[in-house]
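Visitor: The lines below spell out each chain.
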Amino acid sequence: MKKLYAFAFLLVIFAACKKDGNAVPDPKEGLQKISEAYAPGISTKVELWAKNGLSTGYNQLFVILYDSVSNQAVTKAVIKILPVMNMEMNGMHMSHSTPCVQPESDLAENTLFPFAAVFTMAGNTEQNKWSFEISIKRDGQTKTGIARLGIKVGPSSPERVKMLTTAEGDKLVVAYFFPISPKIGINELEIIVYRQQNLMSFVPAEDYLLASTPEMPAMGHGSPNNVDPAYAKNGGYRGKVNFTMTGDWRINLELTRSGQKITTFFDLSF
Amino acid sequence: MWHFFSFTTAIVMFLSTSAAMAQARQDSVIRELSLKEVQIHTIKKSKQPRTAFYQSSMLASTEDILARIEGVNLIRRGPVGMEPVLRGFSAGQINVVIDGMRIFGACTDKMDPVTIYTEPVNLKSIDIRYGGDGSGMGATIGGTLNLKLADALIDSNARFTGSLASGYYSAATAVQNVLAMNYSEKRWAIRFSGVYRKGGDYLDGENKRVNFSQYGKLNTSVSGKYSLNKNSVIKADLLFDDGWNIGFPALPMDVGYAKARIGSVTYERNDPVAFLQALEAKIYANSVRHAMDDTHRPAGTIHMDMPGQSHTAGAFLQFRLRSSGKHTIRAKTDFYYNSVRAEMTMYPPDAAAMFMLTWPNNHQMVAGIFVEDEMYVSDKSRLGLKLRVEVAQAKVTDDVGAQQFSIMGYDVQRPVNRILKNANISYTRFLSSVLTVYLSTGFNERSPTTSERYGFYLFNQLDNHDYMGNPLLKNEQAWNAECNLLYATKNLSWKLSVFGSRVGNYIVGRTQSGLSVMTAGASGVRAYQNIPSATLFGAESSVNYQILNKHLIINNTWKWLQAKDNEDTPLPLISPLKIMTSIRFQHRTLFFQAESEISTKQDQINSDFGETFSPGYMLLHIRSGYGFILKKNRLDFSAGIENLFNKAYADHLDWGATLRPGRNIYGLITLKF
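First to last, the protein sequences are chains A and B. Read in the working numbering, the first sequence has 138 at position 138, and its numbers run on one by one without any break. Quick note: to get the working numbering, add 1000 to the position in the second sequence (first position is 1).
FYI, nobody ran anything at the bench for these hints, they're computed from the structure. Incorrect hints may have been included.
To be verified - Only pairs whose alpha carbons sit at most 20 Å apart, straight line, appear in this in silico DMTMM-like list of lysine to aspartate or glutamate: (1) B:Lys1124 / B:Glu1268; (2) A:Lys143 / A:Asp106; (3) A:Lys240 / A:Glu188; (4) B:Lys1047 / B:Glu1032; (5) A:Lys240 / B:Asp1399; (6) A:Lys240 / B:Asp1411; (7) B:Lys1259 / B:Asp1242; (8) A:Lys240 / A:Asp267; (9) A:Lys261 / A:Glu188; (10) A:Lys233 / A:Asp106; (11) B:Lys1230 / B:Asp1305; (12) A:Lys183 / B:Glu1268; (13) A:Lys171 / A:Glu133; (14) A:Lys183 / B:Asp1411; (15) A:Lys183 / B:Asp1151.
Said to hold, decoys possible - Derived list of chain B stretches under chain A, where covered just means 3 residues or more per stretch with a C-beta under 8 Å from a C-beta of chain A: (16) 1404-1415; (17) 1516-1526.
C-beta: ideal position from N, C-alpha, C; glycine also.
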């Protein structure tokens, strides 16, 4: 009998220990690998992870670096990312970039370097190819290595990115994302606005006044007490959008700068 | 020694009997003055002379009976499922209970007032106590309507009794069948009753079919009683009510189904000489499921599913102590738990289904104590005191609902506790052997209802607005007063009531310009708010006169009501003056009855709430019956014509002024065995 108690006691201890062992979460839990490549010259393997496959619009991504010799995660490095679209059209070659929110810190969060990209078009064919040029300078090294990772970007439906041209001729890329998936109730909403300087360069557009109005097109009603997005950082405007029920919603957006107004909308369904 | 003791007891009892008889008569007068009790004929004929007036036939529904009671009006959205109004108070302002059991409808649009879940055949009586007199059943400002269930009858002389009735109504080509049976052994008895009603779309007074006025309903109940000993019994009741395809011509949707399951176990003890004279303990549970249905309506609008459910469990214990000195104390303690949920899913063409909670899962827990002291001040006067304190907790219990309300800026997951106080005092004075006056006044409170607190964009067809609940509503508080006069001789009784209430924190919907409508075509959104006050007052009279050796019975009732808010705007859904007179000639088993029903015009309207002027009307009904007495059975035939002149009319409380049935010829056969 005593033995049985001792056994039970040990079992409990063991179970408790096992639980403790799980306390540090796997950084890749819930994520899938999008692409990987080596950065030549700095003996580093670069992996790209995301929650879902990539599609046009805002995509939250994570870079993970491994030392290709020791296979240990690299947790401190200065990373710069350039998305590049290579297009072949009737024998002509053309390339352009797209807005990208760079990693904020050179320190990894649980081995992950988060960044985001707003893809303005799909690219998953021989003619249209997206890739990331990731330049890495590891802590303690002097050399900067560049890794090229091919990626596939699918279309999103309904469209999660809009390209607008203002009356002044500014070309804007507007996208949105929800830090927490949309649900009935109050939702944090972030609108991303970037201004295109040239084909390869996009900069945050910080000087717009945004007004967002949710609407259910099937019903013609909206929702009360929304908070218009206000500029935060990295081209992101943060606000609150309220959904009173599930279904198809449209977020109407009004962007105003020096008296000029431009409108667009995003449809979404949950 | 024992002999001596019992002898003394006998003498004491004998001496007290004569006094007790006078007191018993006084008690019955007080009951008549403080309580409107309508007994109901089922297997046995009720002894109350006025039952024949209120219950126009064996097939009259609970609603038909209520409509004839002075003090009661019905808000009508369809031919079945009318909402009772007591002296201008309705919904959460009144308690509608079944045998003292709390039960709450599961429909956000009030299509299922509790009264539809009973049928007269399973009722013994309908008891109505107005204002604070009804606080014994729960905190209330408008009163209590108690649908008392019929018991099984232990009577070893009549082992098996029952009645069977079948009838036909022409206006809605409706059939109604009723069965009630009682089986009794020496110590126990069981009673069964069943009602089946089915009607098509009725013809109105313009001979037009009123679309979506059909209904189907089956109600069954079983109750058993076991006599534990001379003084105590144990009872069990089960009641199943199933309604389906019930049309609501005044609303955009009908009822797909409405199911109520009601059960209780009761212990009763009565011992006139014991200190604890009477005791009743009951535990109960009930469940209501309800679903609206728009699939029969013309296409074009978005199809939606709107199911709702309401579950209640509770218990109460009440007792009466033997009179000591001037005091007779009654006390009651009760508890109930109610949880409700209603949702809406809309299916727009070519778009994702839309879902929301119209009543987020929420519960109420209520516990109360009620004490009543009937003070025998003198031979000629009595003083009554009724006190009730109730603790009520309400809370939204699901996340989606809480999120919905967070949009409006409310935190509804934190429980809201309320203490409700009801205090009433009454005074009865026997002015002479035939004239008695009863005065009653008190302060009463009620807590807001689920819809008033947690309703989420509930569409109200009457004023074409969506309604938002307000979790921060304050309790409605009323000062009620009434004066009743009863003149009663052997053949004539006349009761006159004058009453008034001043309600503070009166709850009404007020337009919120900042909110956009949810329902396509609605004119705006309203949220419930407390307004400073509302005043309601009115009068009722009821005369019953029996002449020619009870061959001729004349009955007349009228009811009149006025109500306005603090800005002198009339409150909506207030009935105009109504007068109902019936003359019944009875000879043995033959009777003829002629009735007139008069409603004056209502121009005291609240147009903001979608009311329009209602013209007055006058209706005539005739009824007749004849019974054959067979060996042990009795066969009754009765027939009549309601709305004899096929008047096209609608009552002021009929939503959308949908015309009521035109000439309706009915016939029925009743077999009593």
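Visitor: None of the hints should be skipped; say for each whether it holds.
Guide: Tested hints:
1. B:Lys1124 / B:Glu1268: This hinted pair holds, its Cα atoms lying about 17 Å apart.
2. A:Lys143 / A:Asp106: The given pair, whose Cα atoms are some 16 Å apart, holds under the 20 Å limit.
3. A:Lys240 / A:Glu188: At roughly 5 Å apart (the allowed maximum being 20 Å), Glu188 of chain A and Lys240 of chain A satisfy the hint.
4. B:Lys1047 / B:Glu1032: 15 Å, holds
5. A:Lys240 / B:Asp1399: 18 Å, holds
6. A:Lys240 / B:Asp1411: OK: Lys240 of chain A and Asp1411 of chain B at ~17 Å, within 20 Å.
7. B:Lys1259 / B:Asp1242: Judged against 20 Å, a Cα distance of about 5 Å means the pair holds.
8. A:Lys240 / A:Asp267: Distance of about 16 Å is within 20 Å: holds.
9. A:Lys261 / A:Glu188: Between Lys261 of chain A and Glu188 of chain A the Cα gap is close to 24 Å, so the pair fails against 20 Å, i.e. violated.
10. A:Lys233 / A:Asp106: 18 Å, holds
11. B:Lys1230 / B:Asp1305: Since the Cα atoms of Lys1230 of chain B and Asp1305 of chain B sit roughly 53 Å apart, the hinted pair is violated (cutoff 20 Å).
12. A:Lys183 / B:Glu1268: Judged against 20 Å, a Cα distance of about 52 Å means the pair is violated.
13. A:Lys171 / A:Glu133: Violated, at roughly 24 Å.
14. A:Lys183 / B:Asp1411: 17 Å, holds
15. A:Lys183 / B:Asp1151: The hint is violated at about 51 Å.
16. 1404-1415: Since 5 is at least three, the answer is holds.
17. 1516-1526: holds (count 4)
The earlier numbered hints that this structure contradicts are 9, 11, 12, 13, 15.
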